[in-house]
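Enquirer: Chain by chain, the residues run as shown.
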Amino acid sequence: MATVVLKELTKRYANSDLLAVDAVSLDVKHGEFMVLLGPSGCGKSTTLRMIAGLESISAGDLLIDGKRVNAVPSKDRDIAMVFQSYALYPHMSVFDNLAFGLRRRDIAKNEIDRRVTSVAATLGLSELLKRKPHALSGGQRQRVALGRAIVRDPKVFLFDEPLSNLDAALRVGMRGELIKLHHRLGATMIYVTHDQVEAMTMGDRICIMNGGKVVQLGSPLDVYREPADTFVASFLGSPPTNLLSGTFNGSGLTVGTAHLPVARKGEGDKVILGIRPEDIRIDASAPHTCGEVLAVEPLGAETIVRFRLPAVAHDVLVRGPRSVVAKVGESVPLTFDLASAHLFDPVTTRRIA
Amino acid sequence: MISRAFLFIVVAVYTAFAAGPFLWVATMSLRTTSEISLDHYAWPETLHWEKFPQAWFNSNYSVYFENSLLVVISAVIVLTLVGAMAAHCFARYRFRINRLLYFVIFSAIIFPPQITIIALFQTLVQYGLYNSLIGLTLVYIAVQLPLTVYILESFFARIPADLFDAARIDGYPEWHIFWKVSLPIALPAIATTVILNTILLWNEFLYAVVLITDEAKRTLPLGIQRFMGDQLEDVGMIATGLMIAIIPVVIIYIFFSEKLIQGMTAGAVK
Amino acid sequence: MARALPLLSAERQPWGAIIAFLLPAFTIYTALTAYPVFRTLWNSFHTVLPRKEEFIGLANYVTLAQDEIFWRSVKNTFIWACASPLAEVSIALLLALALYAKIPGMRFFRIAWFTPVLMSYVVVGIIWVWIYNYDWGAANAILRALGLERFVQAWIGDPKIALPSLIFITTWMWTGFNMVVLLAALHSLPSEVIEAAELDNCGWGAKLWHIIIPLVKPTLLNLLVLSFIGKMKIFDLVWITTKGGPLWSTETVSTYTYKRAFEWTSFDLGYPSTIAAVWFVIVLVAVLTLTWLFRQRDRLEY
Numbered sequence: 013m014a015t016v017v018l019k020e021l022t023k024r025y026a027n028s029d030l031l032a033v034d035a036v037s038l039d040v041k042h043g044e045f046m047v048l049l050g051p052s053g054c055g056k057s058t059t060l061r062m063i064a065g066l067e068s069i070s071a072g073d074l075l076i077d078g079k080r081v082n083a084v085p086s087k088d089r090d091i092a093m094v095f096q097s098y099a100l101y102p103h104m105s106v107f108d109n110l111a112f113g114l115r116r117r118d119i120a121k122n123e124i125d126r127r128v129t130s131v132a133a134t135l136g137l138s139e140l141l142k143r144k145p146h147a148l149s150g151g152q153r154q155r156v157a158l159g160r161a162i163v164r165d166p167k168v169f170l171f172d173e174p175l176s177n178l179d180a181a182l183r184v185g186m187r188g189e190l191i192k193l194h195h196r197l198g199a200t201m202i203y204v205t206h207d208q209v210e211a212m213t214m215g216d217r218i219c220i221m222n223g224g225k226v227v228q229l230g231s232p233l234d235v236y237r238e239p240a241d242t243f244v245a246s247f248l249g250s251p252p253t254n255l256l257s258g259t260f261n262g263s264g265l266t267v268g269t270a271h272l273p274v275a276r277k278g279e280g281d282k283v284i285l286g287i288r289p290e291d292i293r294i295d296a297s298a299p300h301t302c303g304e305v306l307a308v309e310p311l312g313a314e315t316i317v318r319f320r321l322p323a324v325a326h327d328v329l330v331r332g333p334r335s336v337v338a339k340v341g342e343s344v345p346l347t348f349d350l351a352s353a354h355l356f357d358p359v360t361t362r363r364i365a
Numbered sequence: 034m035i036s037r038a039f040l041f042i043v044v045a046v047y048t049a050f051a052a053g054p055f056l057w058v059a060t061m062s063l064r065t066t067s068e069i070s071l072d073h074y075a076w077p078e079t080l081h082w083e084k085f086p087q088a089w090f091n092s093n094y095s096v097y098f099e100n101s102l103l104v105v106i107s108a109v110i111v112l113t114l115v116g117a118m119a120a121h122c123f124a125r126y127r128f129r130i131n132r133l134l135y136f137v138i139f140s141a142i143i144f145p146p147q148i149t150i151i152a153l154f155q156t157l158v159q160y161g162l163y164n165s166l167i168g169l170t171l172v173y174i175a176v177q178l179p180l181t182v183y184i185l186e187s188f189f190a191r192i193p194a195d196l197f198d199a200a201r202i203d204g205y206p207e208w209h210i211f212w213k214v215s216l217p218i219a220l221p222a223i224a225t226t227v228i229l230n231t232i233l234l235w236n237e238f239l240y241a242v243v244l245i246t247d248e249a250k251r252t253l254p255l256g257i258q259r260f261m262g263d264q265l266e267d268v269g270m271i272a273t274g275l276m277i278a279i280i281p282v283v284i285i286y287i288f289f290s291e292k293l294i295q296g297m298t299a300g301a302v303k
Numbered sequence: 009m010a011r012a013l014p015l016l017s018a019e020r021q022p023w024g025a026i027i028a029f030l031l032p033a034f035t036i037y038t039a040l041t042a043y044p045v046f047r048t049l050w051n052s053f054h055t056v057l058p059r060k061e062e063f064i065g066l067a068n069y070v071t072l073a074q075d076e077i078f079w080r081s082v083k084n085t086f087i088w089a090c091a092s093p094l095a096e097v098s099i100a101l102l103l104a105l106a107l108y109a110k111i112p113g114m115r116f117f118r119i120a121w122f123t124p125v126l127m128s129y130v131v132v133g134i135i136w137v138w139i140y141n142y143d144w145g146a147a148n149a150i151l152r153a154l155g156l157e158r159f160v161q162a163w164i165g166d167p168k169i170a171l172p173s174l175i176f177i178t179t180w181m182w183t184g185f186n187m188v189v190l191l192a193a194l195h196s197l198p199s200e201v202i203e204a205a206e207l208d209n210c211g212w213g214a215k216l217w218h219i220i221i222p223l224v225k226p227t228l229l230n231l232l233v234l235s236f237i238g239k240m241k242i243f244d245l246v247w248i249t250t251k252g253g254p255l256w257s258t259e260t261v262s263t264y265t266y267k268r269a270f271e272w273t274s275f276d277l278g279y280p281s282t283i284a285a286v287w288f289v290i291v292l293v294a295v296l297t298l299t300w301l302f303r304q305r306d307r308l309e310y
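Residue numbers (the numbering used here), protein chains in the order written: chain L, 13 to 365; chain P, 34 to 303; chain C, 9 to 310.
Everything labelled a hint here was simulated from the structure, so no lab data went into it.
Quantities reported herein were computed from a predicted structural model and do not represent experimental measurements.
Hints may contain errors.
Unchecked claim - Derived SDA-like pairs: lysine to any residue, alpha-carbon spacing no greater than 20 Å straight-line:
{"#": "1", "chain 1": "C", "residue 1": "LYS60", "chain 2": "P", "residue 2": "THR156"}
{"#": "2", "chain 1": "C", "residue 1": "LYS241", "chain 2": "P", "residue 2": "LYS250"}
{"#": "3", "chain 1": "C", "residue 1": "LYS241", "chain 2": "P", "residue 2": "TYR126"}
{"#": "4", "chain 1": "L", "residue 1": "LYS167", "chain 2": "C", "residue 2": "GLU206"}
{"#": "5", "chain 1": "L", "residue 1": "LYS282", "chain 2": "L", "residue 2": "LEU255"}
{"#": "6", "chain 1": "L", "residue 1": "LYS87", "chain 2": "C", "residue 2": "GLU206"}
{"#": "7", "chain 1": "C", "residue 1": "LYS241", "chain 2": "P", "residue 2": "MET297"}
{"#": "8", "chain 1": "C", "residue 1": "LYS168", "chain 2": "C", "residue 2": "TRP256"}
{"#": "9", "chain 1": "C", "residue 1": "LYS215", "chain 2": "L", "residue 2": "THR360"}
{"#": "10", "chain 1": "C", "residue 1": "LYS251", "chain 2": "P", "residue 2": "ARG259"}
Said to hold, decoys possible - Label pairs and their calculated CB-CB ranges:
{"#": "11", "chain 1": "C", "residue 1": "CYS90", "chain 2": "P", "residue 2": "VAL43", "range": "22 to 28 Å"}
{"#": "12", "chain 1": "L", "residue 1": "VAL337", "chain 2": "C", "residue 2": "SER196", "range": "53 to 59 Å"}
{"#": "13", "chain 1": "L", "residue 1": "SER250", "chain 2": "P", "residue 2": "ASP203", "range": "40 to 46 Å"}
{"#": "14", "chain 1": "L", "residue 1": "GLU238", "chain 2": "P", "residue 2": "PRO221", "range": "22 to 28 Å"}
{"#": "15", "chain 1": "C", "residue 1": "VAL70", "chain 2": "P", "residue 2": "GLU99", "range": "36 to 42 Å"}
Claimed, not checked - Facing chain P, according to a computed beta carbon distance under 7 Å, are these residues of chain C, among others:
{"#": "16", "residue": "VAL130"}
{"#": "17", "residue": "ILE134"}
{"#": "18", "residue": "SER262"}
C-beta atoms are modelled at their ideal positions from N, C-alpha and C, and glycine is treated no differently.
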């Protein structure tokens, strides 16, 4: 259990001016489950690898438990990492895979046996101890990778997209396992993923990254409800937030041909209205506008309807209850829940309101 | 942690060790024998380029070179075609004796040449193919066939079945599929075997020395060996002769080094 | 690697095509490989003279069992086939590890080290005869230049060191090849596994011993077997340098067979065929034994 603090951590690769990681600052508290979320190439894995010591730090400070560890080699940082590809030692049995790190640290043999067997039991690996990795299924290998980290009893756990190589059903199951594990161990965990569902369900806090920079940091619901910019708004949530261009005029906001009672904010007349599919209702009582149905996706528990709004460039997605019935081509009245909507500056993409 | 500098030195020394002898021959090829006797390791003062035409015309190198060229090119062409056909068949058709037949050909890679060479000698003499370039070419094809089939078969096997199924559904006959689907896709592997076989056969000595004794039919390796025997002390001319033998290989290597390295090492990485 | 064989309806195979594809290869194979093997075996039970063949049963084999030169040549060949691979592969491993540590100019070195393998044994043989020349060869010249006069030898003229001198040549030739293969194998190792080892408190030495070498073991063994097979066949090099001398110290089975067949007082091809047949069996047994010894018990999948 430890704190991890990143101060303006930067990574520049030798033959380019591009900053893979740009002045990332982050403070992970004791026992917190911190998720680094972002699209491919946003720098989250690089950041994690810098914390692990597998990549050198170009600038900035990395502190583990208050101690600056920039120059400390990986093996001395008291961290354990679960790799995306599991990285099990192919020529060793499951038992040896789990025991290897401990043997390298001169821990007494019976202590090693004790820890390995107990961790194996927790993860349901007891019967597989003699097998080699190639004789294990994906899920089993993943658990061995996990076990290898747990058995080390490190200060910090690092996860590099550990669930992305698993099939969907297994992924859901493992997500639950990891959450339970976190509660049981109470350890500090830093978890990298591009899957926003994982981030929302597992993280105590989410750090959203894009283009090497930290875009927003906060608890899952905070980030969901108050996105810092259009990127976060569209990245979190499925289906993504509708982003509509609008213009302020005298009485309110004009979006397409719809006229919305929104107070003017920010400079300039142009603005981007962000509204989530669940915040638009099919409601004839006091509609803001009418939309033409383009497609209906009944998902069982709910229905997603795709609309074309007059004079609006992009399709608008609306999430409705399963009772929704609409035909393609129909014109349907829509009401916006403007209290939950956001306004974004069209140039900086940051949220204004 | 061993320092980078030390490793670099080790590497540099080994490079001198590996490439040094060739450099030495190259320099000697441009010096006259008398110059060489004075100092074996000096850099050539004047570059005696005339030694090359000398070796070529006066010492029959042109004959040896042409013979080698003829034999190697013909052998490689036929070998590649025949080998590709067999490899394609092994890789793409399922029939009960497939693996058995493949093993029969593949196992020949281990055979020591002695087990075939005496009888080959007898056979070629019997059919009047002794001391003939045709006879040697045929033998060369047989000698390199197992390796060629081995390399090509594993490549053909990796081509996705969908391509063949699509061609079949389109009604293409089997030969057409081989010619228009398998071969073009396997071109990299074929190029590799061509380069590999060319170099191996260009350098081949044992079969040549047994099956050819006629001066006019000698291949380059035989020619060099005879040269060495004839003029043991004419180091300068021998060196020039060696360069004539080495240069084609070097040229192929310069252009195809990656391919060549890949091809020769392909079977070895597990 | 899955074998992608097409699924044709039922077992209706295009036999015409199959036969057409295989015929040329098998014709050549049968005529020039299979048939000669059997003919050589046939020969071994006969005295085979230019105009006469006479059946003599196992007489050749009995003679062979007592043929001192043959057994000497077998011993020489085996020494060669065991010593050279070990030297070639271990030196190659060290060099590959050195390059693996990312020395600049790697591509150039790789190409330079591979060169000896491309040259004809004839060319290599002549060059090394010169290097080993007592008076002016590079070997002795260097020794003299370093003040190590007393180590100057007649490298291929002295029966006691001729064989090691030749083994040195094949090591020189093939180390570069093995090095290139090992380098490729090292680069194909999954980097995350090695990183995991780093996190598991492994320094360079530990990583090498516990992780890297075990993972390239299949390739190492493979190279040893390939090299072994190659040395069992060796002829060209010996023929150019020492022709089996001095005093049969470098006589290999291949040179001895050649001499008995084509450079002996009698023209009998039966006896050399016997040598070939016995050698064939010896080689096969040796290779099968090695392969069995080195077989991988589990697939090292990664």
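Enquirer: Look at each hint and say if it fits the structure.
Expert: Checked hints:
no., hint, verdict
1, C:LYS60 / P:THR156, "holds, 15 Å"
2, C:LYS241 / P:LYS250, "violated, 25 Å"
3, C:LYS241 / P:TYR126, "violated, 34 Å"
4, L:LYS167 / C:GLU206, "holds, 17 Å"
5, L:LYS282 / L:LEU255, "holds, 13 Å"
6, L:LYS87 / C:GLU206, "holds, 6 Å"
7, C:LYS241 / P:MET297, "holds, 18 Å"
8, C:LYS168 / C:TRP256, "holds, 11 Å"
9, C:LYS215 / L:THR360, "violated, 49 Å"
10, C:LYS251 / P:ARG259, "holds, 14 Å"
11, C:CYS90 / P:VAL43: 22 to 28 Å, "holds, 26 Å"
12, L:VAL337 / C:SER196: 53 to 59 Å, "holds, 57 Å"
13, L:SER250 / P:ASP203: 40 to 46 Å, "holds, 42 Å"
14, L:GLU238 / P:PRO221: 22 to 28 Å, "violated, 55 Å"
15, C:VAL70 / P:GLU99: 36 to 42 Å, "violated, 48 Å"
16, VAL130, "holds, 4 Å"
17, ILE134, "holds, 6 Å"
18, SER262, "holds, 6 Å"
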